[in-house]
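First to last, the protein sequences are chains C and D. Our numbering numbers the first residue of the first sequence as 1 and each following residue consecutively. Our numbering numbers the first residue of the second sequence as 421 and each following residue consecutively.
Worth flagging that the hints you see were computed from the coordinates, not collected in a lab. In this text, all values refer to a predicted model and were calculated from it rather than measured experimentally. Quick reminder that beta carbons are idealized off the backbone N, C-alpha and C, glycines included. Treat the hints with caution; some may be incorrect.
[To be verified] To give an idea of the chain D side of the interface with chain C (calculated C-beta under 8 Å), a few residues:
no.	residue
1	MET491
2	ALA493
3	ALA495
4	PHE551
2 protein chains.
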Amino acid sequence: MLLSQLFTKTSKDAVADAKSVNAELLTRAGYISKTMAGVYSFLPLGLKVLRKVEQVVREEMDAIGGQEIVMSALAPREYWEKTGRWDKKVFEPLFHVPAAGENEYALNPTHEEVVVPLVQRFIHSYRDLPFGCYQIQTKFRNELRAKSGILRGREFLMKDLYSFHPDAACLDRYYETVQGAYDKIFERLGLADRTYLTYASGGSFSPYSHEYQVLLPQGEDTIFVSVEAEKQGKRIAVNHEIYDAKETTCPVTGGKEFREERASEAANIFKLGTKFSDPFKLVYTDEKGKVHPILMGCYGIGISRLMGIIAEAFADKDGLVWPPDIAPARVLIVPLAKDTNEEPFTVAQDLYRSLQKKGVACLLDDRIDASVGSRLNDADLLGIPTRVVVSLKSLKAGGVEVKDRSSGNVEVCSTTKVLG
Amino acid sequence: MLLSQLFTKTSKDAVADAKSVNAELLTRAGYISKTMAGVYSFLPLGLKVLRKVEQVVREEMDAIGGQEIVMSALAPREYWEKTGRWDKKVFEPLFHVPAAGENEYALNPTHEEVVVPLVQRFIHSYRDLPFGCYQIQTKFRNELRAKSGILRGREFLMKDLYSFHPDAACLDRYYETVQGAYDKIFERLGLADRTYLTYASGGSFSPYSHEYQVLLPQGEDTIFVSVEAEKQGKRIAVNHEIYDAKETTCPVTGGKEFREERASEAANIFKLGTKFSDPFKLVYTDEKGKVHPILMGCYGIGISRLMGIIAEAFADKDGLVWPPDIAPARVLIVPLAKDTNEEPFTVAQDLYRSLQKKGVACLLDDRIDASVGSRLNDADLLGIPTRVVVSLKSLKAGGVEVKDRSSGNVEVCSTTKVLG
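Go ahead and model the full structure; you've got the sequences and the hints to work with.
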């Protein structure tokens, strides 16, 4: 992609009303555009990042046999009444949408009310269980305030997996399998060493639910990290909501020492038991013809939120720093030339084409009318992992100047080595 | 994918309240599930079809330089008030969503009101023009009635491209480029020979807009096909809304003979001129520093609707018939065996694995407890292009029985040939 063709532009100015690090950086870099508080559009480079996060999550869900579907954003009021969650006092963030013919629809913030009647059409026997289906889909929450950029939105992209089981032992096994998949996701996104499996309140069925909290200086959550678990090489924490300085012990190690941290919740997993099966009478028949309720688990990951978390987690004073697997491109080539006929430009163009031919996603900054300083600042702000500057000076020194965005290391090497 | 693992099931029964061919077939085959009238979820096999249609459209948009983005589904009421379309009398199908803090949001059925303020942040000079950006995104319409399955929904997936130009000549050229891309899309989807470029009313800026209407016996639109244009090998029609039996002539050939047909609108393209630029004051500065309004075009394609159109266009009495490039899998293998140790099953399994290794998407019907009749009926209903039956009989005859779903042709050939 040529930067001269990209309709978005970077901006040096602080974003007028951005109160969050991710909103500020992603907006200035032209990755996202605010429609209103908590509601963002994803621009060409931002969409590439979002799709890459999505693909990592999809691959790990497929690897554990998750069947991908896409459920509707709208649902009839009756489904939500069935579980009691249409009531604003029970579930405040649900949008109630007035519709033609005196109808009212829910604009789904989560999909238990849709997935249960959906699977009910197909699942009747013990032979149909267990299974899990997931979607990557836009969700809506009627938040009074939304000022954390894409960390907490009124509209956001989620992966939600729902699993269905004949008994608690089966649910427990599946729950552990999903934990393994989630560990892989955070590993692949480069977040593993700052992500804590955090115990939170469990609702009606289970003593705990689990959150995956990523340490962030501006995170909206407070967690208490188990110091003893850390000494054993485990990252375990307790959410402040269930933390009591006098009584709480680490659920894994039994340790009593905790460290308070700011964090952002990237994922959560729940054992739902029969909470949603019961109101819809979602049941199965066992080998002997006896009817039982189906047990459920649900497993969410915020896809757009993860993009915001990654942005905040790795950014430095100069801008964004994308992990290579998530970056919108691996390489940004910046020729320092005043004319497209000059050698630095033609060398850069050749390198760009050769990298593309090799399947390496790259950007060519062909905006030769812009100042060198602003182009190098843009390169830092955009956060592409490898910056390649081609100048008369670098060519004299035997090649191109390669800078690693993350470490800041610079070396001059031949174009052959860059292509290597 | 193993059919025994798929949580969806086919159904022989007519769908209780399906009033449309696509809803009936896609529901019975387990491709979609109705949440409520006009609102569907896409199930594992259905999602694969939807994504393939989407990818064809994306590739052709990228090929003409379209920059992919994803805009928000929600928008502030003020944006829609600016163009006058918040008013129900002006634009009835807009959902008005009450929100916390006495706000109201629009749930976008189209995105002019979002894309114009979005590009306004970046586009200021003649040097920034022309360009086009598009999205593939879920849209919402507050329809009183919705009974055409995924042909006309309250919630649906659209591709919408918006283009921006300094003058009418530039818009005209771009408009023709998009027409070329659309022709390629309908060609790739196998619909070209039944798709008519249909002249419809043009609104304030242009004498006509253009629709791509696909002939369908149950289509919800009536068009008048120019007989003279057909004789010249062109597929041109006039929408009934602007057709007058006494006065209308074919806009391309001048011919006066027309044939009435039922059709479904798969796409539409408009020259918007300054209709949306004016209220937002979207302008650019020319070479001499003079300020002008930016001209716009918009170009829609219904992605989920196209899936429904393709389903209806090719189906026969036995079920769905997917064009190979859109099918959820190329090959469905059906071993006729009572046990997984029997030769037909092991041969089928080997073939399945070999095809997968070659990158050919295939399904294995490993439901050996089901009757042969129901499995062969399912194969027809699912509409996978190639059905491979492996039986003791076929093995004795030298291989496997290969049936082409579209032509119905059957031949026995070796597994080596299937792997071709």
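Interface hint status, PHE551 (chain D) versus chain C (Cβ within 8 Å): holds (5 Å)
Restraint satisfaction for ALA495 (chain D) [CB to CB of chain C, less than 8 Å]: holds (6 Å)
Status of the ALA493 (chain D) interface restraint (C-beta, 8 Å, chain C): holds (6 Å)
Restraint outcome when MET491 (chain D) is required to lie within 8 Å of chain C by C-beta distance: holds (4 Å)
The structure is consistent with each of the numbered hints, conforming to all of them.
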